[in-house]
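Residue numbers (my numbering), protein chains in the order written: chain B, -15 to 568; chain H, -15 to 568.
The hints are simulated quantities; they were obtained by calculation from the structure and are not laboratory data. Note that the structure is a prediction, hence the values are computed from the model and not measured. Please note that a few of the clues may not be correct.
As the list claims (entries may be wrong) - Here are the simulated DSS-like pairs of lysine-lysine, each with C-alpha atoms no more than 30 Å apart in a straight line:
1. K466/H with K450/H
2. K201/H with K311/B
3. K201/H with K485/B
4. K545/B with K466/H
5. K545/H with K464/B
6. K201/B with K311/H
7. K528/B with K545/B
8. K545/H with K545/B
9. K485/H with K545/B
10. K300/H with K206/B
11. K242/H with K466/B
12. K165/B with K311/H
13. K206/H with K300/B
14. K450/H with K545/B
15. K485/H with K311/B
16. K528/H with K485/H
17. K450/H with K466/B
18. K485/H with K300/B
19. K201/B with K300/H
20. K242/B with K242/H
21. K464/H with K545/B
22. K545/B with K206/H
23. K545/H with K450/B
24. K300/B with K201/H
Unchecked claim - From the derived model, a few chain H residues whose C-beta atoms are all more than 12 Å from chain B:
25. L12
26. V19
27. A26
28. P61
29. E130
30. K165
31. N250
32. G305
33. Q365
34. A440
35. A441
36. L475
37. A494
38. D498
39. A544
40. I560
Positions of the beta carbon are idealized from the N, C-alpha and C atoms, including for glycine.
Number of protein chains: 2
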Amino acid sequence: MNPYNAPLADMQFLLERVFNAPDTWASLPAIAEAVDIDTALAILDEAGKISRELIHPINRSGDEEGVTHEKGKVITPTGFKAVYKEYAEGGWVGLCGDPEFGGMGMPKMLGVLVDEMAYSASNAFTLYGSLTAGAALCIHAHGSEEIKNTYLPHLYSGEWAGAMGMTEPQSGSDLRTIRTKAEPQNDGSYQISGSKIFITGGEHDLTDNIIHLVLAKLPDSKGISLFLVPKVALDNSGHLAEGNGVTVGSIEHKMGLKASSTCVMNFDNATGYLIGEPDRGLVCMFTMMNYERLAIGIQGLGTSQAAYQMASEYAKERLQGVAAGTKPGPQSDPIIVHGDVRRMLLTIKTMTEAGRALSMYTGQQLDFAKYGEGDIQAKAQQYVGLLTPVAKAFLSDRGLEAAIMGQQVFGGHGYIRETGIEQLVRDTRIAQIYEGTNGIQAIDFLGRKVTGDNVAALKRFVDEHKANMELMAHVSSSYKHKVIALFDALLASALQVNENKLTHPALVNACAVDFLDAFGFILYGYFWLAMANAADDHPDQQFKAQKQHLMQFYFDKLIAKADYHLSQVNAGDSAIMDIPEVLF
Amino acid sequence: MNPYNAPLADMQFLLERVFNAPDTWASLPAIAEAVDIDTALAILDEAGKISRELIHPINRSGDEEGVTHEKGKVITPTGFKAVYKEYAEGGWVGLCGDPEFGGMGMPKMLGVLVDEMAYSASNAFTLYGSLTAGAALCIHAHGSEEIKNTYLPHLYSGEWAGAMGMTEPQSGSDLRTIRTKAEPQNDGSYQISGSKIFITGGEHDLTDNIIHLVLAKLPDSKGISLFLVPKVALDNSGHLAEGNGVTVGSIEHKMGLKASSTCVMNFDNATGYLIGEPDRGLVCMFTMMNYERLAIGIQGLGTSQAAYQMASEYAKERLQGVAAGTKPGPQSDPIIVHGDVRRMLLTIKTMTEAGRALSMYTGQQLDFAKYGEGDIQAKAQQYVGLLTPVAKAFLSDRGLEAAIMGQQVFGGHGYIRETGIEQLVRDTRIAQIYEGTNGIQAIDFLGRKVTGDNVAALKRFVDEHKANMELMAHVSSSYKHKVIALFDALLASALQVNENKLTHPALVNACAVDFLDAFGFILYGYFWLAMANAADDHPDQQFKAQKQHLMQFYFDKLIAKADYHLSQVNAGDSAIMDIPEVLF
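From just these sequences and the hints, can you work out the full model?
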C-alpha cells in the first residue's frame, strides 16, 4: 500500500481562493489573533506529515489486530497508544479549543481540513480524538466554570479522552425511553446508574482518564439531563484518585473500525456532575452531537479522498488491456486509459473535491456563528443548522460510494485485505449509521431545518447563492442556469412539502432522503462553479485546466441526479405509505 | 438471527402465471419428459427446506471460522463437509445436468430458483456447487465422449468438485497475456505448468477430487487452449490414483466469503486433457463463464432476498419512535411505520422481485436455447447473449445495494457481526467483481451484444416486449406508455452509440455501465407490468394487492433512474476522455 499524501494544493486553493479565509479571519478578532494564512498553511503541512507518517502506518495493522477486551480492560492495537500520545502532544486534539483552557484557538475552517487528513489516514484512530474534542466543546458550551477549569485543559491536551453515552438497548434513534437514572447527592453531585451501548471509545488504554457525557433521568422526571461522569474520580486538588463505578461490560465485534473500541458501559452509582440545566440534557448533548455529525461527514470525506488516491494510483500502475481504438501490442496499457475506469475515478474525484468545499463552508459558517456578531452570526447559525445534517449524511453516503467505486477499480485485488481498500468500505460504512442514521439526518433537515421555519432559512440560503453566481465571470452561463433552475425547483418542492405536511403527516419522513440528496447534488454544482471560477486566474495552468475538466464532468455526468431526487420528492408519499404492513 | 424462509409463493407465481412454465416445458420434449409443474413445486419445496435447515445454519459460523490453509491442505469450516455431502447426495449439484451422465435433467427455469435459495442461505457454501455445475456444463458442451463418461457422473453426483483456472497475476480482465504452458505428450495428454490466482474452490476438503479447467498456451502459439486437469489423477479404470502436480500455494484473506476458498494454484507438469479445439479455449471456457455469470447474478439476487427478509423482520420487531402524526404513548411503534424505513424495504422488495423475474426469464431463454429448435432456439440464443451480462451485473449491483439498505434498516445493530446482515454486504461485494467485473459485463453488453449486430437483437427484443405489453389488459396504460417510451429512447441511444463508436472509440467503454443500468431499470418496469397483470386473477386477494402496490412503488419511485442513466449515455464520452491522464 502506498503512503497517504495530503491534497495540500487543493486545500490551500479552497482556503485562499474559494472561501477567502484571510478576509474571513481578519473579520473575526478572536481568530485574527490566533492565525494567519501562513500559519494555517504551516499547520496543514504538519498535519499532512503526521497523517502520512504517524497515523496511516498503523491503520491496516490496527484493523488486523483489533481492540481486545480482557478483565475489564480494553487494549488498543499495537502502536495506537504511542501514536496517540504523540498526536496529543502535538496539540491536535485541542486544535480548535479555547486558548483560555489550553486549546490552540484555530478556526474550524482549518480544523475540518486537519480532520479530513486524519480520517483519510485512519478512520478508527481519528475517532478517539474526535470524541474528545466533541466532549470538550460540549463542556465548554454548557459546563460551569469549575467544571471547565477542571476538565478542559486535560481534554485539550489529550491526556484524558471523551466519550458520549446516549444509546441504550431500547433507545437508539428515540431517546425518550432511556432508563439510566441520576440520583441527587447532598454535595451537589449525582449518582448515575444504568447501561449504555455502542459507546465509541467508552473504554481504552490510550489515556489515564475518560470523561463520559451521559444522558440520564432525574427522579420523577420524564426529561433528560446531561452528566459528566469521569471514569476515574478526582481528588480535591483535581488529581486522579480512584475508580468511579464506570466499567466496560463488553466490546462489540463489528464489520469494520476494528481498532476503535465500541463498548457496553455500565454505570453503577457512578459520581456525575450536571452539565447545563436539569431536563435540558438533549439540548446540551446536541452541541456535541452536531460537532460529531460534521466530524462523521468528514470521516466520509476523508475516506473518499483515501479511496481516490488508492484507486488512481492503482489505475496508473496496473497494466491490463489496451486503449480503445488502438492495436494490442506486446505491452498492455495502464487501466486509466479505459473509459469506465476514468468514469469511476472522475466520479470519486469530483464528489470528493466538492465535498471538501461543503466541509470547509460548514466550518466557515461555524466560525462565523462562534466568533461573529449581529446578523453575520445569526445567519451563520441558521446555515449551520441547515448544513450540519447535510454534511453528515451527504458526505458519509458519498464516502461509502467512493470506497466501493475505488474498490471496483482494483478488480479482484480490491477484495483482498492486503490491498487495504476493502478496509475503507468496512470502516466508513458505519458513518451512515452512527450519530443519527442518515435517514434521521434527512428528516432533521427537511422536517426541522427546512420546513420548520416555513422554508425561510433555505430561501435565504438559495437567494444568497444565486446572487453569488452572478458574480462568477469565468464559468459557463448554461451551467449557472442549470444550478439556478435546480435551486428554484428545490425551493418549490420544499414549499410543496411544507404545504402538504399537515395533511400528509408521513410526507417528510418518506421524502426526506431524496430531498437531502437533491440539495446535496445542487450544492455541489454550485461549488463546482465556484471552484472553476476561482481557479481561472490560478498561476498553475494545469491546476486551472483540471478544475475546468472536473466541472465539466460534474455537469455532464452527475448533476442530473439532482433532477432524479427532486422527482422522487415530488412523487409524494402515497406509494410508500398506502401499502399495508401485512403486505411487507 | 431468524431462519431463512424461501419465497415459494412468489416463485410459484412467476413459474405458473408470469412465465408460463407448464406450456414452455410441454413444448420442449426433453424437459417434458423430466418434469411437470407439480414435480417442480415439490423440488422447490425441498430446496427451500434444505436451504433453511441445512445450508443457512452454517453460514454465519462459516464466516467466523473461515477456511484455513495448512501444509498444502485447505480445510473448510465446521459443518461444511457434512452439509456438502448431504447436498450432493440430494442430487442438487446435478439438478440441471444431462440424465445420460447421471444428471436430473431439470430446466434452468427451475434451476435458477434453487440457486437463488441456496445463495440466500449462504453465498460462500453455494459457490462450491456452482463452480462444479459450471465445469460440468463446459465439459458436457466441449469434452470428448471419453472425458464426459469419465468425469461427468462424478461431478453431477457431487463426489468431485470443479474449478476454473483463468486469472494469473498479470492477466485479469485481459487474458491475452497468460503464461501457463501446455506441452503435448505422446499419449495425447498435455503437461500443464504455471500459476493461477483467485481460484474459487481451487483446493478444499469437501470432495475426493477437484477437476480444474485451466487456460494455457500450446508451444509457439499465441492462442489460448482449455485443459481439464484433475487434482488427483485417475488410473486406467477411472479410479482415483495419485497426485497430479496440482498444489495450492496459498489462500487469499478477503473482505468476505471467508468460508469459500480462494486459492493460488500451482500446476507443475500436471497431466491435462484438451477440451475442445486447440487455441479455442476461450470459446469453450465461455460456456462455463456464461453459466457462472448468471450464477453470480443470482448470488446477488439471493443476497437481495436474504437482506429483505432480515430487514423486514427486524423492522416489524424493533420498537423505536411513533408513527408520524400520532402522539407518543408509553409504547413505541415498530419502525416499519416510518416512511424512510418503508422506502428502503420497498426498494429492496420491488428490485428483488423484478430481479427474480429477470433471473427466471434468462433461465427460460437458456432452456429454449438448449432444448428448442429452429427460430425459437436461434432467438433464445440471441436473447441469452443479451441477457447474460445484464443478469450478472444488474443483479449483483442490486445485491450490494439491497444488503447495504437492509443493513441501514438495522441501524447500529446492522454494523455488529452478530446480526448477520453485515456479512451479506461483505459476501456479496465480490459478485460485482469476479467472473468479469460489472464494467466488463457492460462493455460486453453494449459493445458486443447490442452494437455488435447493429442493434438488431436489441430491436427484436424491444419489439417483442412492446407487443407483449399490448396484451396486458390489467395494468395502467400510462405505465405501459412510460415503458414503451423508455424502450424507444433506449433504442435511439443504442443506435446513436452504434453510429458514433467508430469516430469515438472510447464511447462504448465510457457509457456502457449507464447503458446497462438504463436497460435494467426499463426491463424491471416491464417485469412489474407483467407481474401485476398476471396477479390480477390470482385467487389470493392480498397477493394481488401486494403486486399492485409494488408496481405502483416501482413506477412512482424507481423507474426514473432509467431516465437518469439514459441521459448519461447521451451525454457521451468527452467529459470522461478529454481530461489528460496527468490531471488525475
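For this session: Hey, is L475/H genuinely clear of chain B, shortest beta carbon separation above 12 Å?
Result: Correct as stated: the minimum Cβ-Cβ distance to chain B is 21 Å, above 12 Å.
Exercise. Beyond 12 Å from chain B, beta-carbon-wise, is D498/H?
Worked result: violated, 8 Å
Exercise. Does the no-contact call for N250/H survive, Cβ to all of chain B over 12 Å?
Worked result: holds, 18 Å
Problem set entry | Beyond 12 Å from every chain B Cβ - status for K165/H | Label holds. Min Cβ-Cβ 18 Å, cutoff 12 Å.
Problem set entry | Non-interface label on A26/H, tested against every C-beta of chain B at 12 Å | About 27 Å separates A26/H from the closest Cβ of chain B, which puts it past 12 Å; holds.
Exercise. Is it true that the CA of K165/B sits at most 30 Å from the CA of K311/H?
Worked result: holds, 25 Å
Exercise. For the pair supplied as a hint, K545/H and K545/B, is the alpha-carbon distance within the 30 Å limit?
Worked result: Since the Cα atoms of K545/H and K545/B sit roughly 9 Å apart, the hinted pair holds (cutoff 30 Å).
Exercise. When you check the alpha-carbon spacing of K206/H and K300/B, does it fall within 30 Å?
Worked result: holds, 27 Å
Exercise. Can we trust that G305/H is non-interface, i.e. its beta-carbon lies farther than 12 Å from all of chain B?
Worked result: violated, 4 Å
Exercise. Taking only the CA atoms, is the gap from K545/H to K450/B under or equal to 30 Å?
Worked result: Distance ~28 Å between K545/H and K450/B Cα, so the pair holds.
For this session: With a cut-off of 30 Å on the C-alpha distance, tell me whether K201/H and K311/B pass.
Result: holds, 21 Å
Exercise. Within 30 Å, alpha carbon to alpha carbon, are K450/H and K466/B?
Worked result: With Cα atoms ~34 Å apart, K450/H and K466/B exceed 30 Å; violated.
Checked against the numbered hints listed earlier, the structure breaks hints 3, 11, 16, 17, 22, 32, 37, 38, 39, 40; every other hint is satisfied.
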